[in-house]
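Peer 1: So you can see what is in the structure, the chains are spelled out below.
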Amino acid sequence: MKTMAFNEALREGLHEEMARDDSIFVIGEDVITHGGPYKVTEGVAERFPGRIFETPIAEAGIVGVGVGAALAGMRPVVELMYLDFVTCAMDEVVNQAAKMRYMSGGQGSVPMVIRLPCGVGRLLAAQHSQIMESWFMHVPGLQVVVPSTPADAKGLFKSAIRSPDPVMFFEYKRIYTSKGEVPDGEHLVPIGLADIKREGEDATIIAVGPMVEKSLEAAITLEDDGYDVEVVDPRSLSPLDTDTICSSVRKTGRAIVCGEDSAFAGAVSEIAAMIGENCFHDLKAPVARVGSPHVPMPFSAELVKHVVPSSESVVSAVQAVMN
Amino acid sequence: MKTMAFNEALREGLHEEMARDDSIFVIGEDVITHGGPYKVTEGVAERFPGRIFETPIAEAGIVGVGVGAALAGMRPVVELMYLDFVTCAMDEVVNQAAKMRYMSGGQGSVPMVIRLPCGVGRLLAAQHSQIMESWFMHVPGLQVVVPSTPADAKGLFKSAIRSPDPVMFFEYKRIYTSKGEVPDGEHLVPIGLADIKREGEDATIIAVGPMVEKSLEAAITLEDDGYDVEVVDPRSLSPLDTDTICSSVRKTGRAIVCGEDSAFAGAVSEIAAMIGENCFHDLKAPVARVGSPHVPMPFSAELVKHVVPSSESVVSAVQAVMN
Amino acid sequence: MDLSAEVCLKIYTDMWRIRLFEEEADRQTNLGNVVGTLHMYCGEEAVATGVCANLRDDDYVLGTHRSHGHCLAKGAKSDRMMAELWGKATGTCKGKGGSMHVADFSLNMLGANGIVGAGIGPTTGTALASKLRGTDQVSVCFFGDGAAARGTFHEAIAMGSLWTLPVVYVCENNGYQQWVPRENVAVVDSVADMAASYSIPGVSVDGQDVVEVYEAAGEAVKRAREGGGPTLLEARTYRFYGHSLGDEQQYRSSEEVDEWKENRDPIKLLAQFMRDRDWLSEKQDQTIQAEANAEINAATRFAEESPWPSADEVATDVVAPIQEVA
Amino acid sequence: MDLSAEVCLKIYTDMWRIRLFEEEADRQTNLGNVVGTLHMYCGEEAVATGVCANLRDDDYVLGTHRSHGHCLAKGAKSDRMMAELWGKATGTCKGKGGSMHVADFSLNMLGANGIVGAGIGPTTGTALASKLRGTDQVSVCFFGDGAAARGTFHEAIAMGSLWTLPVVYVCENNGYQQWVPRENVAVVDSVADMAASYSIPGVSVDGQDVVEVYEAAGEAVKRAREGGGPTLLEARTYRFYGHSLGDEQQYRSSEEVDEWKENRDPIKLLAQFMRDRDWLSEKQDQTIQAEANAEINAATRFAEESPWPSADEVATDVVAPIQEVA
Ligand SMILES: Cc1ncc(C[n+]2csc(CCOP(=O)(O)OP(=O)(O)O)c2C)c(N)n1
Ligand SMILES: Cc1ncc(C[n+]2csc(CCOP(=O)(O)OP(=O)(O)O)c2C)c(N)n1
Ligand SMILES: [Mg+2]
Ligand SMILES: [Mg+2]
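Residue numbers (this note's numbering), protein chains in the order written: chain A, 1 to 323; chain B, 1 to 323; chain C, 1 to 326; chain D, 1 to 326.
Some hints here could point you the wrong way.
[What the hints assert, rightly or not] List of simulated lysine-lysine pairs, BS3-like, C-alpha gap at most 27 Å:
id, chain 1, residue 1, chain 2, residue 2
1, C, K283, C, K261
2, B, K2, B, K39
3, A, K284, B, K179
4, C, K261, C, K10
5, D, K283, D, K268
6, A, K284, B, K284
7, A, K2, A, K197
8, B, K284, A, K251
9, B, K179, B, K305
I should point out that these hints are in silico values taken from the structure, not numbers from a laboratory.
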């Protein structure tokens, strides 16, 4: 196993897949210069010349071109510089990419990955910090993938590139440089399979993206209270591995669903509602949600710290549920 | 009280408000010719010349113009011909209209109504039948309003026009011609207040948009089973009147949340999660969700009937919860 | 690109197939068999046929909400298209798409589209795919004059030009954007004039005259196929019916419509052109129309006799059945 | 629109205020006091100042991600702007916006914008508001050359033209779209050339020469104010710093940058212009710079001494506190 950063794991996955399959190409803004904004596309221009396109600022055009290329059998890996800019290409994502297979009665398909750097990173305020996983969960035809570790990043990215259908690939900007071990050799993580990041008996934390790490920290703190919590990482939000989540909740009888995004009508709401529906008779306490308050991301560091949920918020939520 | 159709109620509300306040104007595609696609803007061009703009096909431009006009103190009423086309203007809605007040530290505001004809009407398939209320619920700064009767349509529309902040105004196409009584004189319904459309003791149906009518039908059917159900119409999804909903659920101990949109990560999921959180100890059964399956809207009438939830689906869901 | 008698006959036949297909679809709507809506292409047949006569089977075509003509001209079968309009299981899209989504991927006709201007980016993408694969396939995008106002037009055509892609952007300028005359909502008369913003040739032709369309499209397709990059081709045309079913057409006079039907019908004009050259006898003409008519009648029978999609079709084709990950 | 000595002095002063404000903000970033990122306007000062010198207080201005200059030129106070960059409660936006959202609504400077090209539609909207109210206010939108690729450019300018709105679309063409030279991603050299697609005048000027900018903007503002409709005004300019903080600028040579700083610095050029006319003595020059310097130092002190926003500010300004329904 090698230790590498999250963005390095993505880069390695991209290079491996591009070497394997000629139909893969990269398209996005500034993806060549400086190795791309997040260095994920570094080296692609040199190693795979002609298979990476630096575009005008035209998100609708970029995703639209991706849709067409995918319909014609290519596998575009589209980078949007910030998740927030997907708002400029929602028709292409929602009405074209997602629905093409269905509307054509299965004749066409759109094997395209859209990379979505998201969440708060450097302090860039309301238009550069959004997440919005739930938007895409709500759209049939899209897969929504959210890795939390370098190993999952690589394994899920490779699966996403091979998927015959469009994948919205969420990359939390703040964890690009976080490190972890990545299995050597071909490493694939199937889309639709949750991962139990820590086993425990007393409560189940379902944690999305960077909340996994914070939940694992919380779990250690909670040991002091004598609580042994399980941490489940769904890894993909659509399809959602309801089996793994529900088995865990049935075992522990308690569920705390944690995401960085605003909780109201967010990913955590779907998961909480689903648990309420399926595990009602096993629940010893209400299903709790941990997420941001329903506000745009402010700029000032002094305000941001009250918005983004912390490891402590997870601890408090678990404690509340245990009492 | 006069009896009028849903679209007539909207038209009457629009005319009243435009007569009252010079800063209101209408902008959208084909809003003059034929009285607009839904006849809601009929007569405006004649009665308020110069205050209605028929635009090129340019949703991003239309909403963008609306944002600027609103920032400059006007009150645009924007019509998007189909909800589905809001995908062409999501930056304008989400990053501009919704966040302007916050990003400017309260200096600016966007008093704009965006009218969103939605849902299945004539059979027009996947790109002309969407709803997506939950997308906008998830965006802080937006209000999400969903009238189910002509009276609510008029009263909420007038409140929406007067609101100092942007309102996403959902109009289910299929109920434009449905009729109902509308109070005479000035009729305003505040945004953020749910309405109990029917009182009952045994279970609470929370029903959105056209599901209200279907739930009221279901309630009559359910009388035969000896069930006396309450029907709560949230009327606005953001802000959500959690008090009214929770009081009802605490009283009945059972909740069935119904919407026409696909349930997965939909409006019904937020409401179900919220009830699970707040009413856990009063619940005698899991909170049920009724909505569309997670598929794009098909074209064939033979398929559509399996997608859109019916009064019978509500009946079954209530029966399941009662057992 | 001189138009031969043979090509003329093929085009003439296709024009009749389109005209009769739509008139039949309209009739079936009145009978309640075709539901939803129809955007009739009648009057604009010279554009689809004139352009597609220059295309190979493996060239890509993407359409609009008004695409019956584009599909038929690209070679789609009328019976499966008619079944699609009925919502039958045998439709081109298994009844899941309907009129606004008719498509035949086996012919690289990648579909009508319900969102105005939404095909321009994807067509640029199919062209990019051909370039990446090193084939000489050409991609053609049809769109209306109204669509030229959309940001997708601006964003995608610039990319087509930037990467010198093999694509022809065909604007069907029928003078109306739904219920509004173009002059009320547009600030340039000719869409072709906008080509300068993208450093590509812009050509405007009489869209009722299939000879003009055929020749201009031929040039553009040749240019694209030979690596010369995109062309913006505008065809000035007219629709004989309302924008979609039920349109009362308050926005134009019946005199205007009659004038176009009488003197600017592309089928009549082509017939005259052929007769002038002795390329079309009275007899041939009757045979062509009779055969087209028979084909369309058969299409209706096919649609009528076809089964409805089964309930489980609701949930198929959302994503691939098995996620072939490895 | 001849440029008077008085206006020159005002512009010259504002250029220094912008230059020193940004250099100070950069310094405060290195000290860790200003966080997030900065898109430095240094080098482009002639555009904001030359345009805004033609505007009234009640005229509307909308900016970009690179808008410190637009704000200061419109009259915003440097102390409150600096406080905004620190994230302090006294900032123009109470610390909620930061560099990419600085705004001063009291001056109708409706804000920087983090989304490229997002201001073009709203500026068309403020212009529509003025027209509807019958005022003679002019609206000005600044945007970069990269933004001209966006669909919003195409959609909104067409509407500005269609309704003959009082708006000036000012493209700051600095030759780079983030880290990419314009020629790698654009198919027309001059953004002004695209004006033809919207039937409005397109004018291109040397954006380092404030005299040229001032005069061309003066024409455009006059035209807008008198009901003549929009102008697309392109100013060819250059940014002296990287795209945003931390940019290693691999995509351009330091020679190129030095050349511009040396010979094309708008402040130096204006100083020379004024000296040539005896409009600027050595002494005056020193005073102007010293005063600007003092202003900016005071701004930093103001920012430093200002309180942080309180935690409850997180949840205010999302929507109006009381829904004034009736
Ligand atoms: C993005 C979008 N906006 C609006 C519509 C509604 N609509 C459908 S067709 C049409 C008019 C299209 O005009 P044009 O592009 O000229 O094509 P034509 O109908 O004349 O063939 C409109 C406004 C749509 N389908 N998509
Ligand atoms: C819609 C959108 N896409 C991408 C970005 C990221 N981005 C910020 S500035 C920039 C370059 C802008 O170039 P230009 O418009 O020329 O302005 P300049 O920075 O040169 O002043 C990019 C790509 C963004 N903020 N918004
Ligand atoms: Mg048209
Ligand atoms: Mg630039």
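Peer 1: Give a verdict on every hint.
Peer 2: These are the hints, each one checked on the structure:
no., hint, result
1, C:K283 to C:K261, "23 Å, holds"
2, B:K2 to B:K39, "19 Å, holds"
3, A:K284 to B:K179, "46 Å, violated"
4, C:K261 to C:K10, "22 Å, holds"
5, D:K283 to D:K268, "16 Å, holds"
6, A:K284 to B:K284, "13 Å, holds"
7, A:K2 to A:K197, "19 Å, holds"
8, B:K284 to A:K251, "21 Å, holds"
9, B:K179 to B:K305, "23 Å, holds"
Comparing the model with each numbered hint stated earlier shows that hint 3 is the single one that does not hold.
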